[in-house]
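**Student:** Take a look at the letters that make up each chain.
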Amino acid sequence: MNSAQPGSHASSPLTRRDFLGYSTGAALTLATTPSLFSITPPDGAKPLRLALVGFGAQGRVLAEAIVKVPGIQVVALCDIWDYAREYGRRFFKSNGTETNGYRDLEELLAKEKDLDAAIVATPDVFHAPHTIACLQAGLHVYCEKMMSNTVEGARSMVQAMKTTGRLLQIGHQRRSNPRYLVARNRLLLEARITGRLTAAHAQWNRAVSEDLGWPKKAAIPDDVLKHYGFPDMHTFRNWRWFKKFGGGPLSDLGAHQIDILSWFFDRLPSTVIASGGSDYYKNHEWFDNAMVIYEYPLPEGTARAFYQVQTTTSSGGGYFEQFMGTEGTLKISENPNLTVIYREASAPSWEEWVRKNYLRVNAAPAPDPDAKVDARETAALATYKLPVVTNKAIHQYHLENFFQSIRGKATLNCPSDEAFRSEYPIFKAIEAVETRQLVQIQEPSV
Amino acid sequence: MNPNPSQTPTSEPVRFLGCSGQTLAFLSLRLWLGLRALVTGLEKFAAKVNIQEPLLDAQGQPDPSGAVVEIEKKVYGLSHYHAVPESLQTKFAGEPLLPGIFTGPFYAALGPILILLGLLLLAGICTRLSLVGMALLYTMLTFGLMLIGQDQGVSWLAIHIALVALSLSWVEHNRFTLTRS
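For the protein sequence lines, the chains are X and U, in the order given.
Anchor point for the first sequence: position 224 equals 224 in the numbering used here, and the numbering is continuous, going up by one each time.
Anchor point for the second sequence: position 98 equals 544 in the numbering used here, and the numbering is continuous, going up by one each time.
Keep in mind that the hints were calculated from the coordinates and are not lab data.
Model, not experiment: these values are computed from the prediction.
Just so you know, not all the hints are guaranteed correct.
[Stated by the list, open to error] Think about it this way: if two alpha-carbon atoms lie no more than 20 Å apart in a straight line, the pair counts; the simulated PhoX-like pairs of lysine-lysine are:
id, chain 1, residue 1, chain 2, residue 2
1, X, Lys244, X, Lys282
2, X, Lys226, X, Lys244
3, X, Lys282, X, Lys243
4, X, Lys216, X, Lys226
5, U, Lys520, U, Lys494
6, U, Lys520, X, Lys356
7, U, Lys520, X, Lys385
8, X, Lys356, X, Lys68
9, X, Lys68, X, Lys409
10, X, Lys409, X, Lys385
11, U, Lys494, U, Lys537
12, U, Lys494, X, Lys385
13, X, Lys331, X, Lys385
14, U, Lys519, X, Lys356
15, U, Lys519, X, Lys385
[What the hints assert, rightly or not] Partial selection, computed: residues in chain X whose CB lies under 10 Å from chain U:
id, residue
16, Asn177
17, Arg186
18, Leu188
19, Arg192
20, Pro221
21, Asp222
22, Thr383
23, Val388
24, Val389
25, Tyr397
[Stated by the list, open to error] In silico negatives: residues of chain X with every beta carbon more than 12 Å from chain U:
id, residue
26, Ala57
27, Tyr83
28, Arg90
29, Asp114
30, Glu190
31, Pro299
32, Lys331
33, Ala345
34, Pro348
35, Asn357
36, Thr378
37, Glu400
38, Gln442
Backbone N, C-alpha and C define an ideal beta-carbon position, used for all residues, glycine too.
Work out the full structure, taking the sequences as your base and the hints as a guide.
**Tutor:** In structure tokens form, the structure reads like this:
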């Protein structure tokens, strides 16, 4: 057994041998230590007590959002890296909460008996075992996307959600973002500003970056790394690039955006072709760039969606999802500055939608008539803004939806069964890259 | 009845509300110049601000998404006061013939003076003096625009000066005033 006691943050000797099967590795923990300060929800309800499992880059992003939500206490923190655990302990202490630190999840679940929910932000390969363990311990779970690096892993999470009857929210946070909700529900479904949808284009282009490093003095001992399945510290820090642990850029970045394609089109694609490769980074297993084309069989005809993820250039407009139709185009991004709506000259008036505050006319400069080089060019598009503002961290809305669902005041915006259906085409895109063949996509079974 | 049938009857000018054509012409100018000055002065206290409100659904209830929309609204207030656009102020600041010791007080007074002159003209208080003051004010503005080579603005203000001059030439036909001058 791990000798670390609740509240102990010192590195504990590795004596556990049976952690959760394949993974034990990552870190999980929950603690029951009461917080120093009572954080009471606005309606006087009992605060929700959470465990944060995994305190890497994404765990920190979630922690930043969680501490802004009233009525939430992170009382336990789990990570195999002492350095990250200590950082997390200090972070939550500075926000008024004492947390118990654990190296592995099994011990956390054994000792922390007063938890309501767990937030899982470990490497993808650990999502399924960690999530299932938490669900079976009676906790509601918010798990980061991708659900898993395998279809089977993701499917097992859905099955666990159904058998335990607990809530399982997947971290496709755009589904709770008011800007995305208004874009989908008001502009596309109600106003139908695009007319007939014929195409979509989404992308995430990032500049070249160095692999993640670590303070040499804080390196995890080799025996600990190996115990949790990592061959070395470089792999631990850069797990996203290795097939054993993650799904590569189509999974890390594309998961958010391909999810939006399926959500906005309200169906799965029927086929996918793709190309990708490891052409730049020589020490990564996953491809660094990929281009994917899906076909979506919409009731009014096929719409094609092109998705590209680039990790070698930030050029080309950054990251966005763009839905193009006969009467208009909706280009949306988590970055409001990259969001714009275009109206075709022949489209019906959008005055009603402007009056309802679904849209705002953009004061764009008049096009230069001398710049037209071909008499057959289509008239310039009028541009509009999406006037919805977001005053919270982008993950906060999705976390709040999870917490409200636990309290019975909302329903999950991205339950695992829906997330699995949405993530399934990503697995198929990876398959298309690897086989270099057109891949048919059927409704996945659970 | 004509008291002297041997003489040709003199044709009386057509009057409206007892006003001669010159009086009506002057009143038109007084009304236009007064409104022009008043509105220009008020607009110097105006600004467009973004206000955040809940997005409402068809029933007027907050949208289920909890979305908040940013709506641009025009508001008035002392805190929004701006005498001239910032771009012009920058250009004026570079002019050696427009030292800050003069432009500062001028900027501070411009808006209130325009409002005051507009109200005085509309109410018919010290009309002649108000017109002279207006001519001086527009001339000062024109001087600044001349220095920075804003010929379009100079022409624009020249129209104002011409209307003020025309008003001064017809000021004897003034009526409907609160003071006699």
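**Student:** Holds or violated: Pro221 (chain X) as interface residue toward chain U, Cβ cutoff 10 Å?
**Tutor:** Where the cut-off is 10 Å and the nearest Cβ of chain U is about 47 Å from Pro221 (chain X), the hint is violated.
**Student:** Under the criterion that the straight-line Cα-Cα distance not exceed 20 Å, is the pair Lys331 (chain X), Lys385 (chain X) satisfied?
**Tutor:** Judged against 20 Å, a Cα distance of about 10 Å means the pair holds.
**Student:** Need the status of pair Lys520 (chain U), Lys385 (chain X): alpha-carbon distance at most 20 Å?
**Tutor:** Distance of about 19 Å is within 20 Å: holds.
**Student:** Grab the minimum beta-carbon distance between Pro348 (chain X) and chain U and tell me whether it stays above 12 Å.
**Tutor:** About 19 Å separates Pro348 (chain X) from the closest Cβ of chain U, which puts it past 12 Å; holds.
**Student:** Return the status of the interface hint for Val389 (chain X): holds when the least beta-carbon distance to chain U is below 10 Å, violated otherwise.
**Tutor:** For Val389 (chain X), the interface hint holds, since the closest Cβ of chain U sits about 5 Å away, which is under 10 Å.
**Student:** Taking 20 Å as the top limit, are the C-alpha atoms of Lys356 (chain X) and Lys68 (chain X) close enough?
**Tutor:** 31 Å, violated
**Student:** For the pair supplied as a hint, Lys519 (chain U) and Lys385 (chain X), is the alpha-carbon distance within the 20 Å limit?
**Tutor:** 16 Å, holds
**Student:** Sort out whether Lys385 (chain X) lies within 20 Å of Lys409 (chain X), counting only the CA atoms.
**Tutor:** 32 Å, violated
**Student:** Minimum Cβ distance from Val388 (chain X) to chain U below 10 Å?
**Tutor:** Given a least distance of 5 Å, the restraint on Val388 (chain X) holds.
**Student:** Please confirm whether Gln442 (chain X) is truly not at the interface, meaning its C-beta sits more than 12 Å away from all C-beta atoms of chain U.
**Tutor:** Per Cβ check, Gln442 (chain X) is outside 12 Å of chain U; nearest 32 Å; holds.
**Student:** Does the claim that Ala345 (chain X) lies off the interface hold, with its Cβ farther than 12 Å from every Cβ of chain U?
**Tutor:** 25 Å, holds
**Student:** So is Glu190 (chain X) really clear of chain U, every C-beta pair being over 12 Å apart?
**Tutor:** 9 Å, violated
Of the hints listed earlier, those the structure fails to meet are numbers 8, 10, 11, 18, 19, 20, 21, 22, 30, 35 and 37, in rising order.
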